[in-house]
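Visitor: Sequence:
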Amino acid sequence: MYNFKDIEQKWQEKWENCDDFHAVNFSDKPKYYLLVEFPYPSAQGLHVGHLRSWVALDVVARKRRKEGYNVLYPMGWDAFGLPTENYAIKNNIHPRIATEKNIANFKKQLKSVGISFDWKREIDTTSKDYYKWTQWIFSKLFKKGLAAKEESTVNWCSSCKCVLANEEVVGGNCERCGGEVTQKTKKQWILKITKYAQRLIDDLDLVDYPERVKTQQKNWIGRSEGAKILFSTSVGENLEIFTTLPETIFGVSHIILAPEHKFIDKHKNKIENIDEILAYREKVSKMKKIDRTDANKEKSGVKVVGITAKNLVNNKEIPIFVSDYVLADYGTGVVMAVPAHDSRDFDFVQKYHIDYIPVMRDNKNTGKSEMINSDFLNGLDNISARKKIIEYITDKKIGKSYISFKLRDWIFARQRYWGEPIPIINCEKCGAVLEKNLPLVLPDIENFKTSENGESPLCALDWIKTKCPKCGGDALRETDTMPQWAGSSWYFLRYLDPENNNCLASKEAIDYWMPVDWYNGGMEHTTLHLLYSRFWHKFLYDIGVVNTPEPYKKRTSHGMILGGNNEKMSKSRGNVVNPTDVVNEYGADVIRLYEMFMGDFEKSAPWSTESIKGCKRFLDKYWDLLNIISDEDFVRPGFVSDFNKAIKKVSLDIENLKFNTAIATLMDLIGKIKETKKITRKELEIFSLLLNPFAPHVTSEVWERLKFSGNINFVKWPEYDDSLISQESYEIVVQVNGKIRDKFIINSSVNDSELVKLAKMQEKIQNIIKNKRILKEFCVSNKLVNLVVG
RNA sequence: GCUGGUAUGGCGGAAUAGGUAGACGCAAGGGACUUAAAAUCCCUCGGCAGAGAUGUCGUAUCGGUUCAAGUCCGAUUACCAGCACCA
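Mapping the first sequence onto my numbering, position 368 (from 1) lands on 369, and the numbers just tick up by one.
Don't take every hint at face value.
DSBU-like cross-link-like pairs, simulated, lysine-lysine; straight-line CA separation at most 35 Å [to be verified]:
#, residue 1, residue 2
1, Lys675, Lys614
2, Lys717, Lys673
3, Lys614, Lys649
4, Lys758, Lys773
5, Lys659, Lys777
6, Lys765, Lys109
7, Lys215, Lys91
8, Lys267, Lys290
9, Lys196, Lys32
10, Lys290, Lys193
11, Lys150, Lys284
12, Lys187, Lys271
13, Lys466, Lys32
14, Lys298, Lys569
15, Lys758, Lys646
16, Lys572, Lys450
17, Lys683, Lys740
18, Lys311, Lys388
19, Lys604, Lys32
20, Lys215, Lys67
21, Lys219, Lys555
22, Lys407, Lys219
23, Lys407, Lys369
24, Lys673, Lys650
25, Lys11, Lys617
26, Lys102, Lys614
27, Lys614, Lys650
28, Lys193, Lys466
29, Lys369, Lys401
30, Lys604, Lys290
31, Lys388, Lys263
32, Lys67, Lys263
33, Lys617, Lys6
34, Lys539, Lys32
35, Lys765, Lys777
36, Lys401, Lys219
37, Lys569, Lys185
38, Lys112, Lys466
39, Lys193, Lys229
Just so you know, these hints were derived from the structure itself, not from any lab.
Input sequences plus hints: build the corresponding full structure.
Guide: This is how it looks when you write it as structure tokens:
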């Protein structure tokens, strides 16, 4: 038992007052940039789940320093956003004050677990020196035409009174507050992330991410190869459809428009049942997105009476329908229906009794199938038919091959106060004009409440009145602010040069540190922050600000820490574990160790208030080694192999995120050492170095007390020698016909044929194999012999 | 429905390239120390049979490949995550 409170406090103070963890820009050492997702400083404070990622890369950071790297491991605050604003409204406190309070609390909690962050580079996305550069990047995007205000249907959270990006809608509800999300048409700022869709897929080949992260991003971006094909109509205007199966063109029975399609408005005079169609459109617009896009919902629609379409490939006249299963914002908002080979079209015609024909022998559109009823495509397989039809439509100028993406542009505005002001001035004459002087500071206000019609509280201020920088006339400022994800889309660059007033970070600093060598974070950010920041980085690459096409070389992801009841930790479930309580009861080293030991780092695991005791016992045992230490400055011969094995295992396991088995190895080793009731100085020195990344306080104390040489934070990481990993004896398993029948021990390595001979000589084996013929013999060196007898 | 993943004792989880399943830890039971408790130390700890040596079954289910399968292949089931009428 040791007094962890005193020891941990002592070392945390020492670290606070030294430069050990401060990365220097430019050094002879090789650089290593470790990054963890910076937190949103909420009023609730940290919970143990936050720490898992930070402790894990702290283990890596502490190891890297010993390996001679110039390590950058920074931390900051992603502090703009709705929860703080809502908290501010509820408690009538300015969001700035609430944020400052929350940051102070987070920082205190974080420091109490002894993570070796470089606090000199701390950043805060809500400070104007920071968001100046967020605004600067926005202005660059605007200049390149990648930021624009566009009319579109948007997701509207009724409880936040705010638009949401598609990525922020989870199961039809607001990602943040869980409120109901409805559709609304609005002119909104958007960022054209879709322009980068293909590159965001392609460049995944350049990076080391878990496969599940890559596939999830690819699925989200949703690339589909197909064709756009024109259909003529009886009113003259052509309709363009998008299809992934152009070869089924001869099976088209009708075409379907999205209810919102402008074609309807343009030709309403010609549509005999226009009232019915507008009523249907009205009905659909009132539906929640989740209901409208429910695949199991019964198909509905209305025939457009008075206008027909013509399939230009076979000159067949076909009817036009509107239906809500066709989405206005994907493809062209028009589809060609092929009921024989598409289950949705099939369902639709069941209801509306439309005739159709099959065009492939096998009606499943997977694998190869022969084309039928398809004129010049007959007899071809569907793959060749696709090529041929694309050539045909291209040649006749009625279509072309086309690639469509599910990814939508990023809705980049929130009708809220607590965010970065969008640096735009709206002038009646000149349109949207960029603010000249950045930062455009968020004004102080007293009433943060969003108005009932969903306008930002900034609308009520005189601040919005300004002059147009172009024409000098009266103009109004943009009152929407940027979304939560803006500040985090480039924060890893600001760490490199956080004080710089002239640019977001100096070119030299960027060239030196980028890319991030290892980035760990949650799976929940895969299609949000991780995708957004890759997009911004690519843009910054294109305009020459950064030197790498991808920001993160390697990405890993931790599993969630669940409550003791195996459910997600949350206030409402009452299963949140506060790290401060655990630190008070067991100490920082124990919570660190337990978070790394509790299970496979990449899988979720429940918190156990019982299991953590094992980690406490382990550190007490480690401390007790001080009582049995001898002066000998070597590893005892009997332990040479064990130590080499442990060094190898711990070293490799840390790199492979197998922290749990690294710790198990150390637990095992300490058990063996204790059996001898003695440890040598050298042994304790090595053991302390291996344990130090996990339990830095207690190991630093032991290091100091025993006057081991050097600063433990920079002492060379122990090396292992494979040739010294040997066994004094081997236990040989003998199987007969695959069943274990005996075991015996040999004292030194023997060759395989010798081993088989020995195995056969074992008394038990003799009894089994006598009177039997040995058909085959198998041998695994120094491990196992299997005799096949008949 | 689609995509990805997972399935091993009472629990969290181990098991390089197919080669002793259950490392390490927790909980539980027994014992030592103690007036007692806590702490600590020692022993046991997958099921069944057996006093025991030992035998036998056992890694979600069914089947296959192999001298040998938790590991490879095929099918099934359950759970987790993401997407979800994307033409």
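Visitor: Which hints, by number, does the structure contradict?
Guide: 5, 6, 7, 13, 17, 32, 38
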